[in-house]
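Build the full structure now, drawing on both the sequences and the hints.
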Amino acid sequence: MPNYLPIVERVLDEPDAAAGWRVDLREPWYLVTPPDHEPRRQGWKLHLSATPGSAPSVLERAARVLLRHDCAFKFASTPAVTARLVSARMDRARSGKFLTAYPADDDRLRALAKDLHEATLGLPGPAILSDRRYHRGSLVHYRYGCFHAPLELTDEGSYEMRLRDPDGASVRDDRLPWFAPPPWAVDPFPATDTPTRRRGDPVRLADRYVVSEAIRHSNRGGVYRARDERTGHDVLIKEARPHVGADLDGRDARDWLRHEADMLDLLAPHVITPQRLDLFSAGGHLFLVEEFVDGTNLQDWHREHDGQPSPESAWQLAGALSSVLDRVHAVGLVLRDLKPSNVIMRSDGTPLLIDLEAATRPGTRTAVVGTAGFVAPEYLRSGADHAPEPSADCFSLGATLLHATTGIHPVLVPDTVPGRWIGERLAALAHAAAPGSAALAALLPLVLGLTADEPDRWTLAHTRRFLRTGGPRVAPVSAGPELPDVDVDLLVRDGLAHLADTMDPSGEYLWPQPSSLPHGDPCNVQTGAAGVVALLRRAVGHGLESARPALRSAVRWMRWRLPQERRVLPGLHFGRSGAVWALHDAAVALGDSATADWAAASALEIPVAWPNLDVCHGVAGAGLTQLRFWHATGDERFAARAAAAADTVLRQVRLARSGVDWLADGGFRDDLAGLGSYGFAHGVAGVGAFLLAAGRDLGRPDLVEVAVGGGHALCAVARTRGDAAWWPKGPGRAERPGLDFWCNGASGVGTFLVRLWRETGDATFLDHARRAARAAYLDRWRLGPGICHGVAGNAELLLDLAQATGEDGYRRQAAELATCLFTRAVRVRGRLLVPDDTLREVCPSYQVGFAGVLDFLLRLRHGGDRAWLVDRRFPLAA
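If you count the sequence shown from 1, position 56 lands on 56 in full-length UniProt numbering, and the numbers rise without skipping.
Hint data in this document are derived by calculation from the structure and do not stem from the laboratory. Cβ coordinates follow ideal geometry from the N, Cα and C atoms, glycine included. Don't take each hint at face value.
Label pairs and their in silico Cβ distance ranges [claimed, not checked]: (1) E27 <-> A169: 30 to 36 Å; (2) R68 <-> P28: 24 to 30 Å; (3) P28 <-> E291: 39 to 45 Å; (4) E152 <-> H862: 38 to 44 Å; (5) T231 <-> E9: 56 to 62 Å; (6) S347 <-> G284: 36 to 42 Å; (7) P445 <-> P418: 26 to 32 Å; (8) S323 <-> E291: 19 to 25 Å.
Have a look at this one:
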C-alpha cells in the first residue's frame, strides 16, 4: 500500500459517516477535519502509537471513533513514515506518534480516550515517552501541547509553536522524552498506576543488578552500567523496548537483542567479544547483560594517540582487527556493521567487538543495515534482502583503519549519475591525508586495497600477506597538498552557479534549508539568505560578474522578506543584525542607495539591550553591527548605540558573576567571568572581540582593558600539548574537551587572540593564537567542512595569522585545508559542490553549508577581510 489514505477514504464513504470532512496532505501527515472545524490553540491531545504491521488496523478503528466524535486528527501518511516513527534512531520525544487527535475540550477528550482505547485494545504499538498512557497496555496516550498555534520566532532564532500560560505569556511547548506538562495544566485523568519506585531510589533489575550509570539513551532503549550484587562485578546492560524498530513481520528491537545474545554465544570461544552473562525480561522490555569491558572505544583511538598514532601502533591495530575479522568469518558470519564505535580496545591493545545485532550468516534473508561510510557501497546501494559476502566486511575494515589513523569519517555524498566510484574518491582522500599522518602512510596500500571497489578489493588473505612484509615503513610527516588555484576556482564557479540555479524568489526561503536543522529566520546569516548574499557580494567585489544577477535578485527578495518578520532579534548570525549588514553591503555594491538607506534605518531598530550577550544571538553581535554601520555611514547614532551595547555587556556580565566558576588564576581583570562559555559564538572570545573593536574605535580604553583581561583568562585556561592548544567549552564544563571549532574552541579563541595581539603587542596572545591555529591545522581531516564548526572556519584563522604576521606559511596551511574540502566535494549534475557538516547532503547555508566554504575560498584566492568582524586592515609585519 503506497499510503494509508484509502483506509480513511473508505471510512468516510461508509453510510453512517457525516459529510463535509476534509482531508489535506501536509507532509508527512494527512490532516482530517470535520465541517466548520475551528482549531484550538492548545490543550490536552491524544496520541495513538502503532507499528508498521498494526498501523492499518489502528487507523481504521480509530478513524471510525474519531468521525463519530467529530474530532479532527492527523496520521502518518505512509508505512515508511510509520517505520521512521518507531525506528531505533528516532528522537525519543517524537517516537511512536502515529496518530494525533485534537479534542474540542477536556470532556470530549475523556470520552474519546475511552472509546479509542477500547477500539484498539490488543493491537501492538510502542510506549510514547513524551506522553502518559491512558491505561496500562493501551495504545492511547495523552499530553498537553499546541494544537494549531501560529509559529513564533524564538530567542534562539528558530520557528516553533508556543504555548500561552494563564497570564498570556509565551512559553516553550517542550517535547521531552518523559511526561512533563506545564504546571498550570491539570491532568484530565485520575492516576491509574501507583509508582513502584520513588524518584532517587536505586534502579534494581532482575533483583540483582543495581544501575549506577546511564551510558546512553536511545529510542531502542538505554545502555547502563550496573553492579551485579551476586558477584560484585560491574556489568553492562542493554535494553530493548517493545515494538521499537518493528517491521511488517512483527520483529522488533527485542528480536535484534536476542539475536545479539546468540552472536555473543557463538563467538564466545574466540574471546573477541564481551561475555554474555544474562538475558531477561522485565515489564515487557528485554535486557542483555554483558561483561563490562574497561577500555577505549576505537572511535577515540586517534585522539588517545594525540592525533598522531605511530606507524607501529597502526600496524599492530591492523593486524589485530584483521585477525578478529578472520575469526568471525571462520565461524561463518559477516558483521555488516564493523566501524570504530563498535570496537573496544583493551589496555593490552587487543580489540573486542561490541553491538553485534547486525552480524549474521552470508545470504541470510534480512534488511540492509549498517553505517554509511563504513558499509560496503555496493551492499548499501543494492537494497538487497539478504546479507552480503565477507568482502563487505573487508571494506569496513579499510574504512575503520582510515578513521583510526586520521580521524577521517569516510562517509561521502553519492555523486549524481554519472558518478565516480566510492573507492576512487576514498583513494583521493587517503592520498591527500597520508603526508600528514605517518600511521596512514604506513598502511596506505592496505587502506586503498580494502576500500577499493569490487572486484579489485583486497581480501583478508591479501591483508595477511601485506602485514607479513616486515613491519611498517616509517615516513616523515610532511605538509599535505595545497589546493591549486584552478581547483579553488572550480569550486567557486560551480558553487555560485548552483546558487543561481537553486534560488527561489517566490519561496518562503530563498534557498533550501538544511534538513538536519530546525527552520529559522529566512533572512539570517546562519542558515538563511544573509550569509549567501554576503558571499555573492564578495564574489562581485572580486570581479566575478556571473554572481551579479543572483545578488540583485537576492537583495530584492530580502528587501521584501525582512519586514514580514516583526520580531527583531539582535544576534549577528541568528538575528536581524547580520541580515541588515549583508543587505546594506550588497546594496552599496549594486549602487542601490534606497535599499542601503533602508538597511541602515533598520539597523537603528536592532535592540542593544538583551538578556543574551553573545555574538550569535545577542548584544555583542548587535554591537559589532552598529560599529560596522558607523564606519559605513558616518552616522554618529551608530557609534552611540555601539557604546550602549558595550555598556550593556559590562553591566550584565557583572550581575551574572555570582556562582560562576572562573578557572583562570588571578593577576588580570576578570570582568568577563560571568560568561558561561569560552568560545567565539557564545562566550568570552566573541564578546571580547566586540569589546576590543568598540574600545579601539570609540576611544574607550576601559573596554579594551576588559577585552585584554578576557584574553589573559583564555590563555590561562588553555590546555596545551606540544605546540598546540585547545580549550574546554566553558568554565567548569568538562563535556566535549579538545574542541577546535570557530563557535566553541581553539579556532574561535584564536580569532580573538590574534586581534588582541595586533592591538596590544603582547606576545602571549600571539603565542596562544599560533597554538590555536596549530590545533586547527592538526585536526583538518577530522572535521566537517563548514564555517561554524568545521574546516573552513578553522582555515579562516590561518588566513588571519597570515594577514597579521606576514608569514606565508599560514596561507599555505589554509590551502592545505582547502584540499580537505575539495576531496569531500560531490558532483551534482556535473558541478562539484562541498557537502554540509553532516557530510550527507548539500545545502547553501553560510555557517553549516557550502556558502561559507566559498567565502573562505574567495578570501584564500583573492585576499580581503574576514567576514562579520570589524577589523582594521592588518598591515604586513615588517
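Hint check for E291 and S323 - Cβ pair distance inside 19 to 25 Å: Between S323 and E291, where Cβ atoms are some 20 Å apart, the hint holds.
Satisfaction of the hinted span 26 to 32 Å by the C-beta atoms belonging to P445 and P418: Holds, at about 28 Å.
Evaluate the given range 30 to 36 Å for the C-beta pair formed by E27 and A169. Holds - the Cβ-Cβ distance for E27 and A169, about 32 Å, lies within 30 to 36 Å.
Is 39 to 45 Å respected by the C-beta to C-beta distance linking P28 and E291? holds (42 Å)
Taking the CB of R68 and the CB of P28, does the distance hold inside 24 to 30 Å? With Cβ atoms ~26 Å apart, the hint holds.
Taking 56 to 62 Å as the hint, is the beta-carbon distance of T231 and E9 inside that range? holds (59 Å)
Could one say that the CB atoms of S347 and G284 fall in the range 36 to 42 Å? holds (38 Å)
Outcome of range test on Cβ distance (E152, H862; 38 to 44 Å): holds (41 Å)
The earlier numbered hints are all upheld by this structure, with none contradicted.
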